[in-house]
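Fit the two chains together into the complex; they arrive one by one in their own frames, and the hints show the way.
As they're listed, the protein sequences go chains A and B. Going by the numbering used here, the first sequence opens with residue 42, and the numbers climb by one from there. Going by the numbering used here, the second sequence opens with residue 6, and the numbers climb by one from there.
Source of the hints: derived by calculation from the structure; they are not laboratory data. Every value quoted in this text rests on a predicted model; they were computed, and no experiment measured them. Be aware that one or more of the hints could be misleading.
Sample of chain B residues facing chain A (criterion: CB under 7 Å; computed from the structure) [said to hold, decoys possible]:
# : residue
1 : I118
2 : L119
3 : I122
4 : P123
5 : A189
6 : T196
7 : K208
8 : D270
Over 10 Å on every C-beta distance to chain A, these chain B residues come out as not near it, computed from the model [to be verified]:
#  : residue
9  : E49
10 : A66
11 : I92
12 : I98
13 : L191
14 : L193
15 : S222
16 : R297
Below, in silico cross-link-like pairs of lysine-lysine (DSSO-like), each with a Cα-Cα straight-line distance of 30 Å or less [as the list claims (entries may be wrong)]:
#  : chain 1 : residue 1 : chain 2 : residue 2
17 : B       : K300      : A       : K120
18 : A       : K103      : A       : K128
19 : A       : K128      : B       : K180
20 : A       : K63       : A       : K273
21 : A       : K184      : B       : K180
22 : B       : K180      : A       : K58
23 : B       : K54       : A       : K184
24 : A       : K103      : B       : K180
25 : B       : K180      : A       : K168
26 : A       : K103      : B       : K300
27 : B       : K300      : A       : K161
28 : B       : K197      : A       : K103
29 : B       : K197      : A       : K58
30 : B       : K300      : A       : K107
31 : A       : K180      : B       : K202
32 : A       : K46       : A       : K168
33 : A       : K107      : A       : K289
34 : A       : K236      : A       : K180
35 : A       : K184      : B       : K243
36 : A       : K237      : A       : K161
37 : B       : K300      : A       : K168
38 : A       : K236      : A       : K289
39 : B       : K197      : A       : K107
40 : A       : K280      : B       : K197
Here a beta-carbon is modelled for each residue, glycine too, at the ideal position from N, C-alpha and C.
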Amino acid sequence: MQQGKISIQNLDLHFGKHHILKNVNIEIPENQLTVILGPSGCGKTTLMKTLNRLVELEETVKINGKIFLDNEDILNTDKDVTEIRKKMGLLSQRPAPLPMSIFNNIAYGLRINGISGRRKLAPLVEKYLRQVNLWDEVKDRLKDPATRLSIGQQQRLCLARGLAVNPEIILADEPTSALDPLSASIVEKQFAELKKDYTLVMVTHVLRQARRIADYVVFMYLGEVIEQGPVKEFFENPKMEKTREYLKGAFN
Amino acid sequence: MALKLRKFKDQFSSLWIKISLFFVVLLPVVITLSLLYKSMFVLETNGLKELLFSSVWRPLAGQFGFWPFIISSLWVTILGLLITTPICMFSAIFLTQYSSSRLLRFMQPVIDILAGIPSVIYGVWGILIIVPMVGRYLAPLFGIESTGFSILAGGLVLSVMLIPFILNVLIEVFKTVPVELSEASLSLGATKWQTIKFVVVRKSFAGIISAFGLGLSRAFGETIAVLMVVGNVVGLPKSIFDPGYPLPALIANNYGEMLSIPMYDSALMFAALILLVVVMFFNFLSRLAIIRLEKKA
Ligand SMILES: Nc1ncnc2c1ncn2[C@@H]1O[C@H](COP(=O)(O)OP(=O)(O)O)[C@@H](O)[C@H]1O
Ligand SMILES: [Mg+2]
Chain A
42 MQQGKISIQN
52 LDLHFGKHHI
62 LKNVNIEIPE
72 NQLTVILGPS
82 GCGKTTLMKT
92 LNRLVELEET
102 VKINGKIFLD
112 NEDILNTDKD
122 VTEIRKKMGL
132 LSQRPAPLPM
142 SIFNNIAYGL
152 RINGISGRRK
162 LAPLVEKYLR
172 QVNLWDEVKD
182 RLKDPATRLS
192 IGQQQRLCLA
202 RGLAVNPEII
212 LADEPTSALD
222 PLSASIVEKQ
232 FAELKKDYTL
242 VMVTHVLRQA
252 RRIADYVVFM
262 YLGEVIEQGP
272 VKEFFENPKM
282 EKTREYLKGA
292 FN
Chain B
6 MALKLRKFKD
16 QFSSLWIKIS
26 LFFVVLLPVV
36 ITLSLLYKSM
46 FVLETNGLKE
56 LLFSSVWRPL
66 AGQFGFWPFI
76 ISSLWVTILG
86 LLITTPICMF
96 SAIFLTQYSS
106 SRLLRFMQPV
116 IDILAGIPSV
126 IYGVWGILII
136 VPMVGRYLAP
146 LFGIESTGFS
156 ILAGGLVLSV
166 MLIPFILNVL
176 IEVFKTVPVE
186 LSEASLSLGA
196 TKWQTIKFVV
206 VRKSFAGIIS
216 AFGLGLSRAF
226 GETIAVLMVV
236 GNVVGLPKSI
246 FDPGYPLPAL
256 IANNYGEMLS
266 IPMYDSALMF
276 AALILLVVVM
286 FFNFLSRLAI
296 IRLEKKA
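Isolated chain B (complex conformation) (with noise of 0.2 Å):
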């Protein structure tokens, strides 16, 4: 009886398994098939070249031309991870190989902290502190007028919320370097920061990769935080101190509010189709990178 009833939850709990697992490999088709379905209007008429690289913007005469919000996403995201980049790789290289293990008992709770904060805030805080300093500060240091709403004030933000969350995969990545490495690097004579440079970066490349994979597919679906300070002005940005669009923002501000103009409806689903290829193309390249690597190491 006990056996039958190990046999009927053992059986159960595969079955639960393959379920719950076919949900998952099922969820970005669904979605990518019914944003498709959705856009298939606007795609119709308009055509895809006309939709992605247009940068006429008038959708009560129904042209829907892409073209300003993709290059504002673009700069946004690549601000934010130039940025970031540095920084996040130098603190994690401190923290794992210079520090005390007591700092980095202390740090990682709070980056976790920093990591769990909610979008809006660092929304709100790049309003209170990040445009006021890009208008009244880093513009006219350049000669430019800004109000400080700006791909700029986007980036910084972006590169503020980026911090945390690639800082943690990042000290991950460099823990699970083996110390023997170091060891046998450091006793050819080689010095703790040759070392670094030569082995320890060398062997965590492919962590490295998926890390700021993973930080790039985020900044570039980045909604709440961006759309507050970037200043949502339809055009192309001249320069940072532009304001820009970026398309999640597009998405967010819109949808539901203008469905009354044909056609609308289908264009924001064009744009979230586009914010998921990009995102899935990011992971793709990221994860070949990380295959290619590894096979070299």
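So that you can see chain A by itself, here it is in the shape it has in the complex (with noise of 0.2 Å):
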């Protein structure tokens, strides 16, 4: 039975030989902030891959299992995968800039689904540009390269790219942890506000982070869910005994 916006139910991922899910199930709520809390390797970022199929890619995967998005099977599906990734942002460790333009940047997503000519891209860019509030800062130099943008910037630029698309969901990796503590803290306020529109997913390793933004907290450990709950409930009366020794810092 579905009750949140995404549904992960009896989840297992393999590697080739290697057991990297194991019997993942979680319920993602709605225009919430979820956070996928746990130690190195315990298989945060192969779960964000596997929520937009992203995965796949990897010759030697193998999936079983269900994930619901609005009741649809978005894992056994014969609907196109593309549709499917659409409806997710994601956001990666390392901002990744495409090859091109500051505006060019943004204009990508849109162009690929149809929206074409300058006259209509250029107020849709400004708009996404300025929702990150990166507006500012780079109207004079859209024409330039996206890598010349400072580390921070970049991955604002990434962010707004990912909501140019319409998506429902965000999708974010460690969104924070190659930034500089400023940059950061923008990011992390943007994706504050933006749970009124989206519902977001965030992989963090920064138990405090966790703290300050999550609704929705779900603790993993070597490719098992070991807690799930809300935040207050997650942090203030923990039920199991690994996610207390996480919470007092036992793994890093």
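Structure below.
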């Protein structure tokens, strides 16, 4: 029975002989920020890439289980995989601006989705750059290559690029870990604002960050979900021994 | 003592590095200057314009018009590159983006072997297969009579030789595109092909240019294999089924044999100079393109 916007049910994932995700069950609530916590190597990135089916690019991967998005199983469907990916923006750990101008980084996704012509594109590009508070910093150099921006600006550009294709969900894999503290706090604030319109899933291993911004927390360890629940409950009253150990900093 | 020795070794090796570097830098300068010196004779007698653009080739009368040879070289090179380019691009894209990593691992040594085959063997194979194919099948298709020894045969043999060379570089170029870029494009809803076209190829553009730039230089200078199938008849080729006579073939066929004719020696040195300058020019252009592109991306 699906309760959340996304419902992950009995998900198993292997890379070759390695069992990476083990019987994962998660309910991701709509219009909230879900944080996935866990020590490095426990499968957080893999889980994110399974959600938007990027993990299928790996040759040796085998997936079993179900992932429901609005009552539709997106793992076992004939639907075009690009349609599924479009619904989920992905922000990676290190920003990956496309090898083109700042303008075209935003326009790329719009063009892919059939919007063309500078007259239609320009106002949209402006709108999404404003939404991530980047417009004022870049409005005079939209034609510059995106790689000339600072890392923090690049990450905001990547966020804007993702928003431009109208996703319902935003997946972010440690989006602030490569950034300087100031950029990190800018991005973090934006995430808090985006909750109104999107369902957010964010990986982090910074406990304080999770506590600050999460609504719902999932704790993973060695490919298994140990515990999940609303943020207050999770931090103030953890039920599992492993969670308590982790919160004390035992795995770092 | 030991310290002194180490210091001595350090200084010694850094001296060696400087000397080797000096030679590497000096070599092209020395080669160019000596070619220029040797071709001064014919240059002074016939003039640069006459040498480059005249089609009159009468060594006994002291007339050396290189135009037919230059044109032959360009035709063969361009044809070779035109045939190679799509094959290399699609193979490299297939091997790095679509096929299993096992196929790529299997193909790489195969490509290396192809790249290592001596060019004379490609020439023999060209005479056995390509020349008859052009003479018996391709030319009649267009209603043209040809012995098969032709510009087209030269271009075909050349393209086969260029494939492993360029493919190797392209595979390396495509492999260095970060996966995160493709992932970013795919998660925006782009198809795999759109991602390759707009992101992977775009990101690799500088590398692609340098791969084909290197190929171009190689093609322009390739001697033996082309010489064996191209016909070596002096004259302006009217179609790709006509025989041609590229510059490297001219030099290889005649150097050391015709030196009784006055100025022939100097004229051949001039041919070598043209070859060198053109190849350097290609290199310069591709380097320029790379710098421009790297600034943009
Ligand atoms: N392409 C792959 N092939 C094989 N194993 C992989 C691959 N990608 C990740 N893994 C393994 O899967 C496990 C989980 O990795 P990952 O999802 O990146 O963890 P996290 O993001 O939590 O640090 C690790 O043990 C890692 O070595
Ligand atoms: Mg990770």
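(request) Would you pick out the hints that fail for this structure and give their numbers low to high? (result) Hints 1, 2, 3, 4, 8, 13, 14, 17, 23, 25, 26, 30, 33, 35 and 40 are the ones this structure does not satisfy, whereas the remaining hints hold.
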